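Asks: The lines below spell out each chain.
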Amino acid sequence: MKFTTDRETLLSAVQLVTGVVERRQTLPVLGNLLVIVDDEGVSLTGTDLEVELVARVTEGVQVERTGEATIPARKLADIWRSLPENAQVAVEAEGDRAIVRSGRSRFSLATLPVADFPRVESAPGDIEFSIAQLDLRRLLDQTGFSMAQQDVRYFLNGLLLEVSSEHIRTVATDGHRLAMCTLNKGVAGADRVQVIVPRKGVVELGRLLRDGDDPVYITLGKNHLRASQGGYTLTTKLVDGRFPEYDKVIPADSQNALIGDREELKQAFYRASILSNEKYRGVRLSLEREQITIQANNPEQEEAEEIVAVEYNGSPMEIGFNVSYLQDVLNVLDTETVRLSINDANSSALIEGPGADDSVYVVMPMRL
Amino acid sequence: MNTSVNAMPPWLQDALTRARESLEQGRLAHGLLLYGPPGWGETWLANALALLLLELPPGRDAATLAHPDLRWLAPESARAQIKIDEIRAINEFTVQTPQIGQRKVVVVAQADRMNAHAANALLKTLEEPRGACYLLLTTTALAELLPTIRSRCQLLPIKPAVEEVARAWLSDQLGGVDAQHTEQLSFEYGFAAIEVLAALDREEQPLLEELTAVRRGRLDALTLAGRWSRLDVDCLLARWMRYVRALQQPDIDPRLAALAGPSMGQLQHCFDDLLEARAGVRSTSNPNARLMLEGLLLHWREMFTASA
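Going down the list, the sequences are from chains A and B. Residues 5 to 372 (our numbering) make up the first sequence, in order. Residues 292 to 599 (our numbering) make up the second sequence, in order.
Hints should not be assumed to be uniformly reliable.
[To be verified] Computed spacing ranges between beta-carbons, pair by pair: (1) A:K226 - B:V453: 47 to 57 Å; (2) B:E419 - A:R27: 29 to 39 Å; (3) B:E419 - A:E315: 44 to 54 Å; (4) B:P329 - A:G234: 50 to 60 Å; (5) A:N335 - B:P328: 52 to 62 Å; (6) A:T30 - B:P329: 18 to 28 Å; (7) B:G392 - A:N302: 38 to 48 Å; (8) B:E419 - A:R371: 57 to 67 Å; (9) B:D525 - A:D120: 26 to 36 Å; (10) B:G392 - A:A192: 24 to 34 Å.
[To be verified] Straight-line distance between alpha carbons at most 16 Å, and here's what the computed EDC-like set of lysine to aspartate or glutamate pairs gives: (11) A:K226 - A:D155; (12) A:K204 - A:D155; (13) B:K415 - A:D155; (14) A:K226 - A:D244; (15) A:K204 - B:E383.
By construction, these hints were calculated from the structure, which means they are not laboratory data. Quick caveat: nothing in here was measured; it's all calculated off a predicted structure. We put the beta carbon where it would ideally sit given N, CA and C, even for glycine.
All chains should be built: construct the whole structure from the sequences, respecting the hints.
Replies: What follows is the structure, encoded as structure tokens:
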């Protein structure tokens with residue numbers, strides 16, 4: 005195979021596809037990209053056997069000879085990135101070598117047999133739909149941080165994607181907190197289909213999305229999720245399990261609702277967290293009329309106290325939280341103010357951003 | 292690794308056939324423990340079974356196969372343990388959907404090398420695997436596996452063949468090349484045919500010549516100790532012990548005539564020394580192999596001069 009192009013044409017493709025490749029793996033061929041050159045252009049494929057990303061580039065590529073080769077991913081990406089801007093590059097594979105040439109630079113890379121590279125047939129999906137990249141990105145960003153990590157409840161180590169005729173929804177929970185984001189644009193004919201996308205699939209999907217209205221095409225199968233966008237096709241396995249009934253976890257609105265300035269609360273929580281227990285991250289919230297006191301202390305008997313003015317007309321109470329969970333929510337919300345509803349010190353709190361009704365957050369309290 | 296159907300030795304073929312029948316009858320357990328004495332091909336069996344479950348043609352090396360529905364885990368080096376992070380990655384794999392076929396397969400080769408944390412992390416997966424997921428554990432040291440692991444697996448024992456069968460199979464593999472050399476190595480490895488094949492592949496020489504040379508004083512014990520210390524010392528001692536045992540037999544094999552002489556008591560003493568040295572090698576104390584071999588070889592030489 006042989007083709008020529010300029011550095012910029014393939015730069016993001018090489019980098020994105022290489023992003024899927026694991027730094028350390030036992031099977032050498034998984035450290036390589038599969039490069040396929042056909043009459044129309046070039047395809048690059050990277051995989052870790054869980055997530056596969058294919059980049060297809062047809063414009064700005066001059067094909068001289070069709071063919072296939074596997075080329076060391078990281079080395080190719082490093083070379084590509086460090087070539088001068090707009091450099092003309094020729095890539096050629098012959099025998100067990102791939103040659104990359106540009107100007108006065110020449111690199112000879114060791115290839116591995118193409119037959120060793122795993123190929124997954126493009127299995128048909130049960131549901132197909134398109135969604136604006138911006139919308140999908142929001143669904144992921146607003147919830148992804150709440151996924152569990154290496155939890156024995158393996159079905160929590162991923163993001164629930166629920167598709168119905170009324171909405172597309174994402175939910176993530178680690179058992180201590182939950183995040184849910186809903187897009188009120190349904191998919192006709194979808195009967196509340198649920199899939200759990202593993203963490204790595206969520207991360208790689210997020211890297212693929214741009215902040216525009218351009219659509220991304222999603223295919224959901226029994227065993228995979230596929231997303232296609234502007235020449236990129238990402239395929240990820242799914243977590244084989246049932247996600248918990250999340251609706252039961254979301255508390256009904258409470259009388260005791262506090263509304264405060266999001267930025268001000270975020271800063272106050274951050275400062276208080278400095279002196280909270282490094283392991284348990286507990287803070288005590290004292291709710292009084294029109295103000296909230298945040299207290300933290302650590303085993304060294306150091307203490308922090310922050311008083312923030314808020315709108316609050318409920319009964320006075322004290323409640324403890326893991327401050328990291330509150331900070332995570334305040335970080336992803338983009339509203340001016342934030343609304344915190346609490347029933348009592350032993351039940352979960354509901355956090356929302358007034359004006360951004362698509363996302364809700366539930367945080368369990370902590371016994372102090 | 293050549294594991295095509297034809298090359299499958301008869302003693303493994305039996306185990307494979309049993310497993311295939313169980314699978315066809317829907318009785319194959321999701322956790323399988325493939326075990327047998329060292330050198331009889333438990334890994335070959337795991338390889339063949341993995342390919343069978345994934346509906347792949349036989350003959351491929353599953354350990355180096357990049358397949359989305361297969362994970363092959365083995366200790367990273369000769370003495371390395373299998374650690375919890377590696378098992379966690381396996382656990383993550385087992386709860387994900389298969390990509391190509393209906394089944395997923397995990398092989399944990401030398402499962403006895405899992406440390407306690409790793410073994411415990413695997414228990415839940417062994418107990419309730421998700422979907423059609425098969426876990427194939429192999430070991431040559433059954434006793435070193437946690438009982439909790441063992442009890443969660445269907446046992447698939449490999450029964451070593453008799454000498455004649457092993458000899459015939461080896462000869463088939465090698466096409467009768469250098470039969471005497473092969474026979475001598477086979478003796479040292481107790482006719483564990485797969486290990487003999489690997490030893491031939493490594494171009495190993497039988498120990499007999501060097502042991503005789505030291506006995507005759509034609510080879511310096513210190514020189515040989517230096518050379519031997521670079522080999523797999525545990526395995527080397529086991530091979531050496533086979534000679535000592537053979538010399539203790541009432542009728543000494545004519546090929547060992549050059550080593551005849553020492554009394555039963557001296558030989559037993561020598562055997563005990565080798566046994567102790569082996570225990571030392573296997574323990575974590577990590578003795579200086581060269582120093583230890585020098586001592587053993589000097590004793591070996593003395594044994595003959597004392598009996599002469």
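Asks: Does B:E383 lie within 16 Å of A:K204 when you go C-alpha to C-alpha?
Replies: OK: A:K204 and B:E383 at ~11 Å, within 16 Å.
Asks: Mind checking the hinted window 18 to 28 Å against the Cβ distance between A:T30 and B:P329?
Replies: 23 Å, holds
Asks: Do the alpha carbons of A:K204 and A:D155 lie within 16 Å of each other, as the hint requires?
Replies: Status holds; Cα separation ~15 Å.
Asks: Taking 16 Å as the top limit, are the C-alpha atoms of A:K226 and A:D244 close enough?
Replies: Status holds; Cα separation ~9 Å.
Asks: Is 47 to 57 Å respected by the C-beta to C-beta distance linking A:K226 and B:V453?
Replies: For B:V453 against A:K226, whose Cβ atoms are near 49 Å apart, the range 47 to 57 Å holds.
Asks: Is 44 to 54 Å right for how far apart the beta carbons of B:E419 and A:E315 are?
Replies: 50 Å, holds
Asks: Is 50 to 60 Å a correct range for the gap between the Cβ atoms of B:P329 and A:G234?
Replies: 55 Å, holds
Asks: Does the hinted range 29 to 39 Å hold for B:E419 and A:R27 at CB?
Replies: The hinted range 29 to 39 Å holds for B:E419 and A:R27, with Cβ atoms some 32 Å apart.
Asks: Taking 26 to 36 Å as the stated bounds, is the beta-carbon spacing between B:D525 and A:D120 within them?
Replies: With a Cβ separation near 34 Å, B:D525 and A:D120 satisfy 26 to 36 Å, so the hint holds.
Asks: Given a hint of 38 to 48 Å, does the C-beta separation of B:G392 and A:N302 actually sit inside it?
Replies: 53 Å, violated
Asks: Could you check the hint for me, namely that A:N335 and B:P328 are 52 to 62 Å apart, CB to CB?
Replies: Since A:N335 and B:P328 have Cβ atoms about 59 Å apart, the given range 52 to 62 Å holds.
Asks: Taken at face value, is the distance from the CA of A:D155 to the CA of A:K226 at most 16 Å?
Replies: It is violated: about 23 Å lies between the C-alpha atoms, which goes past 16 Å.
Violated hints, in rising order: 7, 8, 11; the structure is consistent with all others.
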